[in-house]
Amino acid sequence: MRLYVYCLTEGIKRLDKTPRGVSGAPVQIVEFDEDLSALVSVCRSDAFQVTRKNALAHHEVVRSITEQTTPLPARFGTVVTIEQLRNYVSTHHQAIKAKLAHVRGGIEMTVRMIQSIAGAETSELSKNVGPGTAFLLEKRREILRDEAGAVQKGHLSAWLRENLGELIKDEKISVTASETVVLARADHLIERVDVQEYRTKMAKATQERPDIRFMVSGPWPPYSFANIELEFSSQFGVS
Amino acid sequence: MSDFDQIIVGEEWENTDLSLLETLDHVLNRGLVIAGEITIAVADIDLIFVGLNVMVSSVETAQEVLRRREATE
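Heads up: the protein sequence lines correspond to chains A and B, in order.
So the first sequence is numbered by our numbering: it starts at 24 and just counts up by one.
So the second sequence is numbered by our numbering: it starts at 270 and just counts up by one.
Keep in mind the hints are simulated off the structure, nothing from the lab.
It should be emphasised that the depicted structure is a prediction, and the values quoted were computed from it without experimental measurement.
Do not take every clue at face value.
Stated by the list, open to error - Short, incomplete list of chain A residues facing chain B, as computed with Cβ under 10 Å:
{"no.": "1", "residue": "Gln91"}
{"no.": "2", "residue": "Arg98"}
{"no.": "3", "residue": "Phe99"}
{"no.": "4", "residue": "Thr101"}
{"no.": "5", "residue": "Thr133"}
{"no.": "6", "residue": "Leu160"}
{"no.": "7", "residue": "Pro244"}
To be verified - Negatives, chain A to chain B, calculated, CB over 12 Å:
{"no.": "8", "residue": "Gly34"}
{"no.": "9", "residue": "Lys40"}
{"no.": "10", "residue": "Glu54"}
{"no.": "11", "residue": "Val65"}
{"no.": "12", "residue": "Ala80"}
{"no.": "13", "residue": "Gln117"}
{"no.": "14", "residue": "Gly128"}
{"no.": "15", "residue": "Arg135"}
{"no.": "16", "residue": "Pro154"}
{"no.": "17", "residue": "Gly172"}
{"no.": "18", "residue": "Gly188"}
All residues carry an ideal CB built from backbone N, CA and C; glycine is no exception.
Only chain B is shown next, with the shape it has when bound in the complex (with noise of 0.2 Å):
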């Protein structure tokens, strides 16, 4: 077995945890900033802990998935 591994996320993204965390990462960490501040209330929780949660989640899951990937091949 390989230690190589690649994930390929193509029309299917929607129904995948991992394609979720990466559209979550697009969209909460990328874009056009407009008016040099950005609005948000949840809580206490500012967008830079939002952010770096969804970053974090990203690469657990995105190991996790691999490694689920590895013990069934």
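Extracted from the complex, chain A is given alone in its bound form (with noise of 0.2 Å):
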């Protein structure tokens, strides 16, 4: 028997107005202990189509329980055994009651960023070299993106707290930045008390950067904030 996973939650005994999962299957509980427990459909089939109602299936699930407590959501297409699911939480119940605590009382709130650069080069100079020179003029250009980028990360995170201070209980941000444009994204967990203070504060927050264009999303389930990978890798080092 195969499982669809939709997320590990603490505290949920019984499931009241759960909508329909994935392919219109009906959600149950597996419990793996007093207070630990996943919500899972039965698959009925080995692999089950990606499509917009059953990503927004999955959502709906994971979105309807946030009403109640604050899940760990899997990933849309999380298919395991009963076998599987017993024996990754068995092996890391530890990082996920650490992870559930985490989360507890949260909800996770994400911010885009579009900015445009001023006076962007473009790549004239690559056009009368020779191929070798132009592959080192583009290395070059994709490591000082790079550098460019982890150094607006700094000053995002930064500026993102002197506005939002206290708010922010976590967060993650990546910088995409090309020659023309910078892309950013901000993850963050917030107490799900503190929504509507956090949008005031970030509605604030952008009329001090005409230079940038901001979305603002939420509140989420703790999607960013769910998986315990970084907790296993940073055992060996790496991070």
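Put the two chains together into one complex, using the hints given.
Here's what the structure looks like:
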């Protein structure tokens, strides 16, 4: 029997108004101990279709349970056997409990930022050189973009913390820079009672930066704060 | 007209294309990976390509929405 997994959660003993899951399947609870459980659906076949309907069904199940408690959402498309699921939970039990404690009472807000780079130079220089030099120039630009992205990431994090302060329990920031534009994304874990204050502070903060376009979305279940791979990696000194 | 803009997507997020893309982006690209692999079948398209398409669409749609908003201001 294969199970489609929506999330790991704590404190859920029964489901009241949980919507139908992927492919219209009912959602069930798999209990691991007195507090820890998973929301799953039994898969009728080995695989299922990647459709907008199924992706939204996944989100609706996770969202509905988030109204009761803060879960660790599984990535869309997670299909395992019951043995694999039980094995995963038993081998990661401590990390799962720590992660659930970390997100407890929280929700995720997402900020996307688009900044045009004024006076960005195009690759005119590359047009009059040989392929080897052009390759090296492109590599140099790539390195400079990476360095600029790292600097931007630091500045952005500092600016967001300056404006949002203690509302941020945790954050993840990614920056992608090209020659003409910087795309950044910040995911914030905040207390669910702070959503309105977060929106107000973000709206005020964005007025200080007319050079950046902002999009703020949420609240979301804590998709960006659910994975425990980093804790595993950090034991080996890998970040 | 300022080139500054913002979209605060709040309780009404279900009604916008942008919010649909945001939802798909969260569901496809984030979340706990339980088994170290994800089992998905959709013809010959795997999750990496689906995710990439969503990401590209997110940026393009976001820029288009912002352009439209600027044009109406």
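So, going through the hints one by one against the coordinates:
For Gln91 of chain A, the shortest C-beta to C-beta distance to chain B is roughly 18 Å, which exceeds 10 Å, and the interface hint is violated. Nearest Cβ of chain B to the Cβ of Arg98 of chain A: about 4 Å, under the 10 Å cut. The hint holds. Restraint check, Phe99 of chain A versus chain B: the minimum CB separation of about 4 Å is within 10 Å; hint holds. For the restraint placing Thr101 of chain A at the interface with chain B, the shortest Cβ-Cβ distance is roughly 5 Å, inside the 10 Å limit, so the hint holds.
Against a cut-off of 10 Å between C-beta atoms, the interface hint on Thr133 of chain A holds, since the closest Cβ of chain B lies about 7 Å away. Hint status for Leu160 of chain A relative to chain B: violated, with the closest Cβ pair at about 26 Å, above 10 Å. Annotation: Pro244 of chain A was flagged as interfacial toward chain B, and the flag holds, the nearest CB pair being 8 Å apart, inside 10 Å. Every Cβ of chain B is farther than 12 Å from the Cβ of Gly34 of chain A; the closest lies at roughly 17 Å, confirming the non-interface assignment.
The Cβ of Lys40 of chain A lies farther than 12 Å from every Cβ of chain B, with a closest approach of about 17 Å, so its non-interface assignment holds. At the 12 Å boundary, the C-beta of Glu54 of chain A stays outside the reach of chain B, the nearest C-beta of that chain being 16 Å off. For Val65 of chain A, the condition that its CB be more than 12 Å from all CB atoms of chain B holds, with the nearest at approximately 14 Å. Remark: the non-interface label on Ala80 of chain A conflicts with the geometry, its nearest Cβ contact in chain B lying 10 Å away (cut-off 12 Å).
At roughly 15 Å, the least C-beta separation between Gln117 of chain A and chain B is larger than 12 Å, which holds for a residue marked as non-interface. Annotated as non-interface, Gly128 of chain A keeps its C-beta farther than 12 Å from every C-beta of chain B; the closest such distance is 18 Å. The non-interface label for Arg135 of chain A is inconsistent with chain B: the shortest C-beta to C-beta separation is roughly 7 Å, within 12 Å. Distance check on Pro154 of chain A: its Cβ is at least 28 Å (rounded) from any Cβ of chain B, clearing the 12 Å threshold; non-interface status holds.
At roughly 16 Å, the least C-beta separation between Gly172 of chain A and chain B is larger than 12 Å, which holds for a residue marked as non-interface. The beta carbon of Gly188 of chain A is kept farther than 12 Å from every beta carbon of chain B, the shortest such distance being approximately 19 Å.
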